[in-house]
Amino acid sequence: MTASAMLYLPDIRTADVEPVLARWRADRPGMGVLALVPEAERAAVPVLQRACTDAGVALAGGVFPALVESGEFVTQGTWLLRLDHMPYVALYPDLPHDERLPGVLDAMVADLLGKLGDGPDTTLFMLFDGMVPNIGSILDELYLRLSNRVHYMGVNAGSETFQPMPCLFDQSRIAQNGLLAVLVEAHRGAILEHGYEVPEQTITATSTEGNRILQIDWRPAFDVYRELAAEQYGVEVTRDNFYQLGVHFPFGIVRANGITVVRIPVALEEDGSLFCVGEVPANAMLALLRAPAVDSRHTLKTVTRGLAELDGSLDGRDLLLFYCAGRRLHLGLDAARGELRGLAELSRAGSLAGALSLGEIGSTTQWGYPLFHNATLVASLWNASARP
Amino acid sequence: MNREHILSVLYDIGLVIGGEVSIKPLLTKTLQRLLYHTSFPTGLVFLDVPPGDGDTVVATPAVAIGDFGFSALVGQALSLPAPLLRGGPEVCEAPELLAALPGATRHYNVFLRLPIDHCGVLLMLAPRQPSTQLPLTEIFRPVMANLAKAILLCRHNDAYTAGLVAERDLAQQSLAESEVRFRSITTVAQDAIVMIDRDGRIAYWNPAAEHIFGYRADEVMGRDAHALMTPERYRAAFKAGFEHFLVDGTGPVVGKTVEVEGLRKDGSEFPIELSISALQLQGHWNAVGLMRDITDRRAAELALHRANRALKTLSGCNGILVRALDETRLLHDICGLIVEAGGYRGACVGYADTGSGLRQVARAGMAHADTEAFERTRADNCGVADSALRALHSGQPQLAQGADGSGPDGGIAASIALPLRDNGAAFGVLNVYAEVRDAFSTEEIALLTELADDLAFGIVTLRTRAERESLEAARRAGNDRLKRALLGTIQALAMTVEKRDPYTAGHQQKVARLAVAIATELGWPPDQIEGVRLGGMLHDIGKIYVPSEILSRPGKLSELEFGLIRSHPEVGYEILQGVELPWPVAEIILQHHERLDGKGYPHGLTGDRIIPEARLLAIADVVEAMASHRPYRAALGVDSALEEIVRCRGSQFDADMVDGCVRVFRERGFRFE
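Respectively, the protein sequence lines represent chains L and E.
Take 1 as the starting number for the first sequence in my numbering and just add one per residue.
Take 1001 as the starting number for the second sequence in my numbering and just add one per residue.
To be clear, the hints were calculated from the coordinates, so they are not data collected in a lab.
Computed from a predicted model, the values in this text were never measured in an experiment.
Yeah, the Cβ is synthetic: ideal placement off N, Cα and C, and Gly gets one too.
Be a bit skeptical, because a hint or two may be false.
Stated by the list, open to error - Below, simulated BS3-like cross-link-like pairs (lysine-lysine); rule was C-alpha separation at most 30 Å, straight line:
#, chain 1, residue 1, chain 2, residue 2
1, E, Lys1599, E, Lys1556
2, L, Lys115, E, Lys1029
3, E, Lys1149, E, Lys1265
4, L, Lys115, E, Lys1024
Claimed, not checked - Covered stretches of chain L, as calculated for chain E (at least 3 residues, CB under 8 Å):
#, segment
5, 140-153
6, 257-267
7, 282-290
8, 373-382
Take these sequences, add in the hints, and give me the full structure.
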C-alpha cells in the first residue's frame, strides 16, 4: 500500500514538521504541501512557512474554523497534504468587487492559462476568504473564460465568527479578501452535495443586494426572522445568537433542476438586513427553508457514488473532505460527526482529511455548472493519481 | 417542484433579461442563468438562423459557454446539422447529431433546444441529461419570448450606441487631430503660450515658454502662475485683476496687447509683450496668454530713440553753427542744445590748458561740481584717468560708466568725452553726460562724434573769420590812408593848375559846390554826391599840360592852342584812371564836356552814354564859367548863364538837371561867394 500523502500533526512545531518534510522530499524533490490550519492555530502559520522555506518545499494553505480528523472536528494541529509535483499556485489578495473585477479576472485567467498543462484533467482548486462578497460572480466569470479547460472545486476559509482575518497563505505571505488558486493536475474535481430537502411550502424572500437579504415576503427581513425564532424555538434573536438561529432558516436559490443552492445567513447587519456567506443574485426571489430536513444518507451516497464515478474505487485511498460549518450547526455536532463517520465507512477511504468550511464550490455532477454553495459536503480524492 | 418554485426561476431569468441593454451581455448572462438552473454545462446561442429545409444549416454562434472549443468559434459561420437548430423546444438524446458539432472538446449526448422567437436558437448540451422534474421545454417559452424582444431592443440600443460611439470616435479623432495641430502649432510657435486655470495655476506651457522663462513644463504644471512669472512688485495687482477676470472673463487687458515685465527662472526680469484671451471651459474662465520676449525690440527702440536724439542734436547744432558769430555764444548754445533737445543729463566743453589740463569754458544741465564728482567717482571705481583728458590726448572718444541712479555723481551714470579736433590735433573736449548706464549706442557715439567734429569746425571757422576780418579792416584803413594821401596830392596838383591861371582860380571849387547843390536838390544819395563833388574838384586837372600863357592870354586862340585846351578832359582822365576810387571820378573828368546832342568833346557821346555825374558837372561848369570873368571876356552873370542852360535844356543839357540848377539859384538862393 502506498503511504498516505496526508498527515495530521497534533502540534505545529518546527521539530515535528521538519522531519515530515525531509522524509517526503527525499523521494519527491519537486513536492509541495497544502496545509489546513484551524483558526485557533493561525499564529503557527509562520512556523510552517519557515519550515517549508528551510526545507525548500513549496507551501500553500488556508485557515479554517476547525479541522476534520478521525471522524471528529478538532481545533488543534494541522493537516499537511502532500502534492508529489507541486502544481502552480497563485495567491490573489484583496479582490475587487466593483468595475475593476473583470480586468483582474482577465489577468488571472491569462495567468492560469499560461500555466495549464496538457493533461486531460486539471482541477482549479480555489480557496477563497469567506469574507469575499462576490464569489458567485467570480465563478460565473471564470467559467465564462476557462470553460471546461478545468474542473472546479473550492471552499471558503476564515473564521466561524465571521471576523475578518488573514486566512490564505503561501510560502511567504498570508492574505485576506483574496483567492488562493491551485492548478491540481491529474485531478478530476470534486463531488458536492447537501441533501437539504426543499419543503413544498416556502416563504418567498425578496429584495436582496449583494450578499445581503433586505426583505422577506416584502417585510423587513429581521422582523420575519424574529417571528420565526420565537415561533419555532421560543427565543429572542440577537446579534450574538443570530448565526446559531440562522442556520435553521437558510435561504434557497431554487433551480430548475430541483436542486436548491443554500445560502445561510450568518450575521445581522446594523440596518436589519441579513448577511450571507456567498453572493445572492441581485433582486432574486428566494425560498426561505424553514428548518429544512436533511437526508444524510442520501447525501453520503450521492457523494461516494459521484466520487466512484470520477475516480473509481475509493478503497484505501486518500479522501479530502470539506464540511460546511453552517451544516454542522444546523444538524448539531453529533449528527455532523455521524456524517463524517458515515462517509468514511461508505467510501472505505484509507485516510480522510479535511476542514470545516464557510462555503463550498463545486457541482453536483462531474460536468455541471460550477456553483457556490452553503451547507454542503465537498469531497475529492487527494493525490488522485496514486492508487493503492 | 411547485408553482412558486417555477415562478422564482422564471423571475430570476426574467430579471437577468430585463437588466441588460446590450446584445452580448444579454445573451451571455441569460445563457449563464439557464445553465445555472438546468445544470447543463454547455450552451450556445445562434442568432438569425437562415430558413430552409436542408440537412445542414449555416449559422454563427453569438455566444458559447462551457466549452472552450465552441468559444473559439464564436462569430464564425458553422455548418451544423439542421435538426439541431430547426424545430420547436425540445430535449433530445442524439449523440450522432452532436458528434457532428465542430469544435466540441467533450462528448455530448443530450441537447435542449429553445427557439428564440424569430431571432435564433438557444442550444444547451450535456453528456447526460441532468435530472429535473420540470418540463423545461415548456416553462422557458415565456422567457424565450421575452428574450426575443430584449434582443430586438438591445440590437436597437447597440446600433444607437454604436452610432454614438462612432460619433464620439469621430469627435475624438477630430479632437485628437485638433490637439495634434494645436500641439504642433504651439510647439513650433516662437511665442510663449500659457494657459492659467481658474485657480491661477498653469495648465499649459509650450516649448517656447520653456525657452523664454527657463522652466520645463513638468516644473511648472499646476503651480501658481503669478508667483512664477511675475516680479514680486506686480503680483498683488495681477492677482486682483485675475480675481475680477474669473467672474466674467473680462478685464482691462483682456483682448489687448500690453507690455509688462516678466520673471525668468534665474530671477532676471525682462520685457514681455502680452496678449490675454479668455477661454471658458466647463463653465469656468481660463486665461490664455501669448507672450513674446521683446528684449531685443526694446533695445532696438532705445537705440533708435538715442540715434534720433543724437540726430536731432546734430541737426540743431548745424543751425547754431550757421548762425554763430561768437565762439563763447556758440559753445553755450551747443551745450544747451545737447541738454534741451538731446535730452542728455548735461554737457560741457573744456579747452586744452597749459599744463596739459582742461579748462571748462561752457556747460549746461548740471553744475560743474556734478561733472567733477562723476569723473572722480568713476575714476576711483575704475582706477583710470579722467576720460576727458584721455580723449584730449588720444584724440578718440572715451566712454565712462558709473552707477545707475543719483548719488555723489549728481545722477550721472555714463558719459562720453568727444575730442574737438583741428587738423587731427585735439584742442578741447566736449563731454556729454547721461543718467543711465549703457546710454550711448554705437550709432549714437558716431553721431555725437560727428557733432563734436562739426563743433570743432565751427570753432575753427569762427576763429579764422575773426582773423580775416581784422586783416581786412587793417587793409581798408591802409587804403583809406593811401587814398586820402593820393587825393590830397591830386587836389594839390589841381590847386597848382588854378594857380597857373589866375582867371580861373577857384573855378573847380565853385563848380564842385554848385554840382553838390544841384545833386542834393535832385535827391541823389550821399555817396554819389561825394563822387560828383570830387569830380568837380578835379575836372580841369588835365589843363596841367596846357601852358599857363595860353590859359591866361586874352584874345583869340589859335587852332593848335585851342586843341591843347580841348585835350584836358582826356589828360585828366589819364592822370586819375590809375587811382582806385569808389567813384567814377576819371569818367566824370573825361565826359564833363560831352553834350546830350553829341556836339561835345572829346568823344561826342550822346544821351545816356554820358554818365549822370558828367552830365550834371557839365551844367555846373558852364554856369560857373559864364558867371565868372574870363581873360577873353567880361563876366556874363548868373542869369545869363541860367538862360543859356535853359535854352539848351533837353538838347545839350539834361532837362531835370537844368531844372534842378535853376531851382538851386532861384529857390535855394545859391551863390558862388
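Going through the hints against the structure:
{"no.": "1", "hint": "E:Lys1599 with E:Lys1556", "in the structure": "holds, 21 Å"}
{"no.": "2", "hint": "L:Lys115 with E:Lys1029", "in the structure": "holds, 28 Å"}
{"no.": "3", "hint": "E:Lys1149 with E:Lys1265", "in the structure": "violated, 67 Å"}
{"no.": "4", "hint": "L:Lys115 with E:Lys1024", "in the structure": "holds, 29 Å"}
{"no.": "5", "hint": "140-153", "in the structure": "holds (count 7)"}
{"no.": "6", "hint": "257-267", "in the structure": "holds (count 3)"}
{"no.": "7", "hint": "282-290", "in the structure": "holds (count 6)"}
{"no.": "8", "hint": "373-382", "in the structure": "violated (count 0)"}
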